[in-house]
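**Student:** With the hints as extra help, turn the sequences into a complete structure.
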Amino acid sequence: MRVAMAQLNPLVGDIRGNGERIAQTMRRYRQEAPDLMIFPEFFLTGYPPRDLLERDWFISRVLQGVEKIEELSLDYPDTGILFGAPIPTNLKTGKPLYNAAILAHCGEIVATSPKSLLPSYDVFDEVRYFEPASEITPVPFKGEILGIHVCEDAWADPAFWGERIPYKRNPLATLADKGTTLFVNISASPFHVGKERIRYSLLQKHAQTHSTPFIYVNQIGGNDELIFDGRSLALDPKGRTIAVLPSFQEYVEILETEHPGAADTYAPMDDVAAVHEALILGLRDYMEKCDFSRAVVGLSGGIDSSLTCYLAAQALGAENVLGVSMPGPYSSPGSIRDAQQLAENLGIGLQTIPISSIFRAYLDGLGDPLAGTEPDVTEENIQARIRGNILMALSNKFGYLVLSTGNKSELAVGYCTLYGDMSGGLAVISDLPKTMVYKLAHYANREGEIIPRASIEKPPSAELKPDQIDQDTLPPYPILDEILRHYVEEGCSVEMILDLGFEEETVRWVVEKVDGNEYKRRQAAPGLRVTTKAFGTGRRMPIAAKFTQGEE
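In the numbering used here, the protein residues as written are 221 to 772.
Mixed in with the good hints, there may be bad ones.
In silico DSBU-like links for lysine-lysine, alpha-carbon gap of 30 Å or less [stated by the list, open to error]:
#, residue 1, residue 2
1, K398, K425
2, K362, K315
3, K659, K415
4, K425, K766
5, K362, K398
6, K659, K509
7, K753, K766
8, K312, K362
Per label pair, the in silico range of CB-to-CB distance [stated by the list, open to error]:
#, residue 1, residue 2, range
9, N609, R728, 32 to 42 Å
10, R673, S576, 56 to 66 Å
11, E709, R270, 16 to 26 Å
12, Y471, G721, 38 to 48 Å
13, R270, A764, 22 to 32 Å
14, A765, L590, 46 to 56 Å
15, Y639, T768, 44 to 54 Å
16, A482, R728, 17 to 27 Å
17, Q469, A765, 17 to 27 Å
18, G721, G237, 31 to 41 Å
The set of hints was computed from the structure by calculation and includes no laboratory data. Every residue gets a Cβ at the ideal spot worked out from N, C-alpha and C, and that includes glycine.
**Tutor:** This is how it looks when you write it as structure tokens:
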């Protein structure tokens with residue numbers, strides 16, 4: 221079968237625009253005459269549409285969009301159009317919708333294949349909206365028996381889940397038992413570090429287990445905090461690669477499924493390079509899809525703001541990024557120079573707005589209420605909030621989106637200021653542990669110094685009091701990040717982390733800070749997810765709660 225894999229970037233909610241993307245793609249590849257043109261999961265609506273699915277008017281527009289694709293297929297009698305969309309179940313019980321793969325051909329919907337496995341872990345909440353397929357049936361089409369299925373349906377593998385698999389059925393095994401000759405999976409599978417390897421291994425195993433070629437088409441793009449990497453692929457019955465599409469970019473590949481694949485042609489992206497590309501794509505799409513064209517970043521001369529500003533320049537173009545240096549009473553001359561050097565290296569605009577006089581005015585205004593007290597974090601946070609207000613004023617006046625610059629390590633333990641450095645419309649690096657920030661900074665400088673070496677090499681500091689460095693308050697970042705990885709991403713208990721050899725006092729301090737700062741994170745700007753567990757929709761912890769680990 222001659223198959224076209226359309227790895228494209230939909231806009232959530234834009235049914236008309238996404239439908240037109242299908243029509244444009246069909247027109248562009250008309251002369252190629254594929255037997256089947258495959259688009260990703262939920263391509264007609266974009267994924268995830270979240271509670272738009274609960275609006276009747278939205279589903280009505282979806283059905284109108286499906287009808288237009290049905291009509292479009294009349295113009296392409298040689299090609300079936302396979303795409304994803306929500307459709308009503310028309311059942312009197314259960315959830316009202318299916319997450320379906322829809323096959324249109326010659327003016328008809330010749331098959332609908334609802335999703336069987338509905339994920340409800342991490343960032344997924346599909347049981348909120350959808351009913352699982354009542355039956356799993358392959359689709360005869362153009363001499364093949366297509367095992368059409370949707371995303372999670374391919375993940376019912378005990379080897380992936382370990383001791384307890386959350387699903388009672390295995391759609392691929394059922395499709396294989398019913399005579400499938402070609403597996404086709406349409407997906408909206410979000411990126412995180414290492415997922416590409418897991419996904420490839422899983423799909424390769426399916427092809428080999430059932431001696432059946434496998435086509436996998438994934439969406440790309442950024443939708444809110446989620447980033448989709450694409451990396452669609454085709455495998456032969458021995459699990460060898462017929463085609464592997466590039467990561468983080470739109471691409472259409474046409475192939476013959478009968479062709480044998482090649483061994484050892486698959487090479488996953490390097491983790492640091494993948495995170496780099498993911499953040500650039502996620503930032504660019506967030507800006508464009510929210511109708512922002514320019515960004516503003518507060519530049520302290522430190523590594524976090526430098527990396528954020530670098531990523532913004534890569535995503536938006538230097539001409540669309542403004543850096544703002546806001547030196548205060550404790551800012552070092554070196555940090556001011558580093559901010560200036562970064563702006564020069566990137567070619568962005570730079571404004572300098574000193575805050576010392578504004579800070580003194582604040583202290584004068586608070587003279588009576590704070591009289592008789594010693595300076596502490598209160599005065600430190602006032603400086604951070606002055607800077608946040610300046611950035612928001614520039615945003616309001618000139619239409620910039622403020623990019624906050626805090627990393628995951630700081631956000632995890634609350635080493636950040638509400639309405640100060642947390643101010644912004646997007647937290648670009650909020651899912652990057654500090655150790656990964658350093659790796660990305662070195663990657664940014666792989667072809668020459670862009671982020672000043674001093675910003676990378678000097679001890680991290682908020683510079684909110686004399687001679688301040690982060691390690692006055694925090695454990696060394698390599699230790700902090702390892703503890704956070706075990707606790708936040710892997711869900712380990714304190715006892716399990718202690719068994720790994722970490723110092724008890726440090727572990728308990730980190731865990732206490734993570735648990736006690738949920739209220740701050742709930743008020744943070746949305747961030748771009750690149751790890752297995754980000755602070756966002758995939759982590760839902762209570763705020764007003766009291767709980768302890770271990771025996772009391």
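**Student:** Against each hint, give a clear statement of whether it holds in the structure.
**Tutor:** Verification of the hints:
no., hint, in the structure
1, K398 / K425, "holds (19 Å)"
2, K362 / K315, "violated (33 Å)"
3, K659 / K415, "holds (19 Å)"
4, K425 / K766, "violated (45 Å)"
5, K362 / K398, "holds (17 Å)"
6, K659 / K509, "holds (29 Å)"
7, K753 / K766, "holds (22 Å)"
8, K312 / K362, "violated (35 Å)"
9, N609 / R728: 32 to 42 Å, "holds (36 Å)"
10, R673 / S576: 56 to 66 Å, "violated (28 Å)"
11, E709 / R270: 16 to 26 Å, "holds (24 Å)"
12, Y471 / G721: 38 to 48 Å, "holds (45 Å)"
13, R270 / A764: 22 to 32 Å, "holds (25 Å)"
14, A765 / L590: 46 to 56 Å, "violated (32 Å)"
15, Y639 / T768: 44 to 54 Å, "violated (30 Å)"
16, A482 / R728: 17 to 27 Å, "violated (52 Å)"
17, Q469 / A765: 17 to 27 Å, "violated (43 Å)"
18, G721 / G237: 31 to 41 Å, "violated (54 Å)"
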